[in-house]
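Number of protein chains: 2
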Amino acid sequence: MQITSEALERAIEELAKLPGTGRKSAQRIAIHLLKQTDEKVLTLADALIQLKKSVTRCSTCGTITDTDPCSICSNSKRQNGTICVVEEFQDVYLIEKTNEFLGRYHVLGGIISPMDNVGPDDIRVKELLQRVGNSDEPVNEIILALNPDAEGEATSYYINKLLLNYDIKVTRIAYGIPMGTELEFIDEATLSRAFASRTAF
Amino acid sequence: MQITSEALERAIEELAKLPGTGRKSAQRIAIHLLKQTDEKVLTLADALIQLKKSVTRCSTCGTITDTDPCSICSNSKRQNGTICVVEEFQDVYLIEKTNEFLGRYHVLGGIISPMDNVGPDDIRVKELLQRVGNSDEPVNEIILALNPDAEGEATSYYINKLLLNYDIKVTRIAYGIPMGTELEFIDEATLSRAFASRTAF
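Protein sequences, first through last, are from chains A and B. Letter 127 of the first sequence, counting from 1, is numbered 108 in our numbering, and no numbers are missing. Letter 137 of the second sequence, counting from 1, is numbered 118 in our numbering, and no numbers are missing.
Hints in this document: simulated from the structure, not taken from any laboratory. Every clue listed holds true.
When chains are identical, the list treats them as one kind, so a pair holds in a single copy or across two.
Simulated pairs of lysine to aspartate or glutamate, EDC-like, Cα-Cα distance not exceeding 20 Å:
id, residue 1, residue 2
1, K34, D47
2, K33, D49
3, K16, D49
4, K107, D148
5, K142, E122
6, K58, E81
7, K(-2), D19
8, K78, E(-13)
9, K5, E69
10, K58, E77
11, K34, E(-13)
12, K16, D103
13, K16, D27
14, K(-2), D27
15, K34, E(-10)
Bear in mind the structure is a predicted one, so any value in this text is a computation, not a measurement.
With the rest of the complex left out, here is chain A:
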């Protein structure tokens, strides 16, 4: 096989490194880009460069942002004394999409996991306690919204224990039957959790 364009080969190789993109998709994308105007491809390349250049972490909540503090932390309308604790900034995205939560966030940037050598000091727990102890912004509720797996549970318990020393309500999001499914397809662990967490009708 003789390659006629090294530039195309290199673009395919780089695109194939992206998640969910094999060599065939990378080839399709590269050929698509070849057919686009220079401007469109430069816009894409620039968006990727800016992604790395301008995105930092908010020093308050730890989510990704272009400006520090982030638009949620600097939005006075969202100062309602509630902080939702999540594992990663993607979770902020997901929760924001629901338009259900109007307080602020705290991104741990990880989860306690002895298997992966991640302890309480490796995630932003200390920063959470600082925010809670900070009298500028009184906090009356912490909502734990971590994944319902072993690590998420352990981290939730750990944070709850630390917060016992403060006069703060600690809640967690409800785990139960997802909307739109049928009981038949639900695993036992979820079903038993749904029973244990039943609410008044």
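The hints should help you fit chain B onto chain A, whose structure is shown.
Relative to chain A, chain B alone:
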């Protein structure tokens, strides 16, 4: 919903324009890139910029290349008097992968299609005749490797008719039963073509 990073939003938006990439995949790719080193993302962005900057068409065969003439046209080992006619440069890629063909190519850059307002003058037929008439590189066989659909057939017939004036063998690649399939799953058109084109055992 409050967006904390415009740069991330923009990257997702641009990535979602790529073929086969919806908003969810674009988000996954953007988050993946955020976690990579600056260098890796710059390498990707640069590969895309170079793709547009350095890739041109070979003035002889019409395939894409970084240098004109392309590495196949300038490779004297491939001057064996055979030219394979294909619709697009992707076909050169596909045929090169088989390591079966050791001659040169001619990329038409399209196919005759009255429905799409593409006539013989819109594709590189004139350039093919020029190559055939050029005494520097004697051509003794033209292999037509166009798609076996109405447009491909029409274009093949048209080119064959033009080449009747020259002392050149015109062949076409075999259309028949693909390897590794079962007759049961083959459509009638393919099966009847396979019968018509049967070869001695």
